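Enquirer: Residue numbers (this note's numbering), protein chains in the order written: chain A, 1 to 249; chain B, 1 to 179.
A portion of the hints provided could be inaccurate.
[Said to hold, decoys possible] Derived pair list, reagent style BS3-like, types lysine-lysine, alpha-carbon separation capped at 25 Å: (1) A/LYS25 <-> A/LYS132; (2) A/LYS180 <-> B/LYS34; (3) A/LYS40 <-> A/LYS132; (4) A/LYS180 <-> B/LYS72; (5) A/LYS40 <-> A/LYS25; (6) B/LYS126 <-> B/LYS61; (7) B/LYS126 <-> B/LYS72; (8) B/LYS34 <-> B/LYS61; (9) A/LYS180 <-> B/LYS61.
[Unchecked claim] In silico negatives: residues of chain A with every beta carbon more than 12 Å from chain B: (10) ALA6; (11) SER24; (12) PRO26; (13) THR116; (14) THR154; (15) GLN166; (16) LEU168; (17) SER222; (18) VAL223; (19) THR226; (20) VAL229.
Hint data in this document are derived by calculation from the structure and do not stem from the laboratory. These numbers were taken from a predicted model, which means no experiment stands behind them. For every residue, glycine included, the Cβ atom is placed at its ideal position computed from N, Cα and C.
Listed below, chain by chain, are the residues.
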Amino acid sequence: MALTDALRSVGRGGLFSLSVLRASKPTADFFAELVREIYKIGARSLPIIAVGGAFVGLSLTLLGFRALETYGASNQVSVLIGLGLYRELAPVLTALLFVGRAGSSIAAELGLMRATDQITALALMAIDPVAKAVAPRFWAAVLTVPLLVGFFATFAIAASWFQAVQVLGIDNGMFWQTMKDAVDFRDDFVPAFVKAAVFGGTAALVASYVGYHAEPTIEGTSVATTRAVVNASLLVLMFNFVLSAFLFR
Amino acid sequence: MATRGPRLELAVGAFLVLALGSLLVLAIASTNGKFGFSRDSYALTARFTNLGQLRPNAPVKIGGVTIGRVAKIDLDPVKFDSIVTLAIDERFNDIPIDTSAGILTGGLLGESYIGLQPGGDVEVFKPGEEIAYTTPAVDLIQMVGKYMFGGGNSPTPAAPDNAHPAPAATPAPEEGTTP
Numbered sequence: 001m002a003l004t005d006a007l008r009s010v011g012r013g014g015l016f017s018l019s020v021l022r023a024s025k026p027t028a029d030f031f032a033e034l035v036r037e038i039y040k041i042g043a044r045s046l047p048i049i050a051v052g053g054a055f056v057g058l059s060l061t062l063l064g065f066r067a068l069e070t071y072g073a074s075n076q077v078s079v080l081i082g083l084g085l086y087r088e089l090a091p092v093l094t095a096l097l098f099v100g101r102a103g104s105s106i107a108a109e110l111g112l113m114r115a116t117d118q119i120t121a122l123a124l125m126a127i128d129p130v131a132k133a134v135a136p137r138f139w140a141a142v143l144t145v146p147l148l149v150g151f152f153a154t155f156a157i158a159a160s161w162f163q164a165v166q167v168l169g170i171d172n173g174m175f176w177q178t179m180k181d182a183v184d185f186r187d188d189f190v191p192a193f194v195k196a197a198v199f200g201g202t203a204a205l206v207a208s209y210v211g212y213h214a215e216p217t218i219e220g221t222s223v224a225t226t227r228a229v230v231n232a233s234l235l236v237l238m239f240n241f242v243l244s245a246f247l248f249r
Numbered sequence: 001m002a003t004r005g006p007r008l009e010l011a012v013g014a015f016l017v018l019a020l021g022s023l024l025v026l027a028i029a030s031t032n033g034k035f036g037f038s039r040d041s042y043a044l045t046a047r048f049t050n051l052g053q054l055r056p057n058a059p060v061k062i063g064g065v066t067i068g069r070v071a072k073i074d075l076d077p078v079k080f081d082s083i084v085t086l087a088i089d090e091r092f093n094d095i096p097i098d099t100s101a102g103i104l105t106g107g108l109l110g111e112s113y114i115g116l117q118p119g120g121d122v123e124v125f126k127p128g129e130e131i132a133y134t135t136p137a138v139d140l141i142q143m144v145g146k147y148m149f150g151g152g153n154s155p156t157p158a159a160p161d162n163a164h165p166a167p168a169a170t171p172a173p174e175e176g177t178t179p
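Whenever a hint applies, use it, and build me the whole structure from the sequences.
Expert: Structure, rendered in structure tokens:
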């Protein structure tokens, strides 16, 4: 039965998430792992986030300039940049890049640990493999994706400023002031980081769930990596709609 | 797998400092800077026959300077007036009681806001009181329709002379959009 299978996998995902939360105890070992994971999946994702953000900012400025020119309002392009970035683009695109950059590596690592019986070995030594291998990755993702969204937005706005002010000739003061007027701190800015934390957690949970339960073969690892990227990306896009519907009414 | 060497800690530290720094810069440079704490405000109400495009959170201005926000928009279930609750900044608690409120638009197609025209009375509004003198929103499309079609489809003969926007509080038939 396809339906019961689907329901069962949702249930297993939920139980897995619960076990991750239950395994998150602030021990010294947990923090050591957390620092390592923040470096591996957070700091090492910086280049892709920065370059991605910059190019999104550039193209979004061109698009907004073209669309607003119709109404003679092209000097308001930073309204579109600010609102568009904080509300949708920065959290979603950062999360998607994060899924591709870090989610795949989480799934592959855990899949290989499964394939080489390291997870069984940890359990045999009475070390909870979820607490040792999954919980730090989950919390590292929840912490770092909001920070990466900050980088994404910084680079996108800086690139957009270059495109708008230096290339298209919009007034510098106009650029900053219209953005400041349009972007509300509580209604637009903060939700971006709430979204980002949710997306980070989702991406890490999906990736580690898929990797943790991979077939213990080389092929199983590759299947798990693919599935992690596909499922996590789709879930991020779906959750984005749900969060947008709730956060911005 | 040596767990954490000093270089790793350095890298993570630099990452966190940079990230939090960029968040701070973003929050200051690209938002309106209304950080969490809500400044003290008091409420005034005003009744309008027509709100036009006014929405909650629209600014309340005196002479172009924002002094508050539209907190709530409600409809009187008996008189069918809309009741707008304004949250005015506590600093401006000396607004004369004969002040009038109007719904204005920034530019031709800009956002709607409430403009207050201060009066000269010595008595001032106390929190929760109602602004007595109000002018409703001007519906541009209806006005254009009236000019073009000489009174549009309203049966009142005086309509074409209604040149000034101020008394546009007409309960005009809601048609004029598609001729």
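Enquirer: Mind listing which of the numbered hints don't hold for this structure, in increasing order?
Expert: Going through the list in order, the structure violates hint 14 alone and respects the others.
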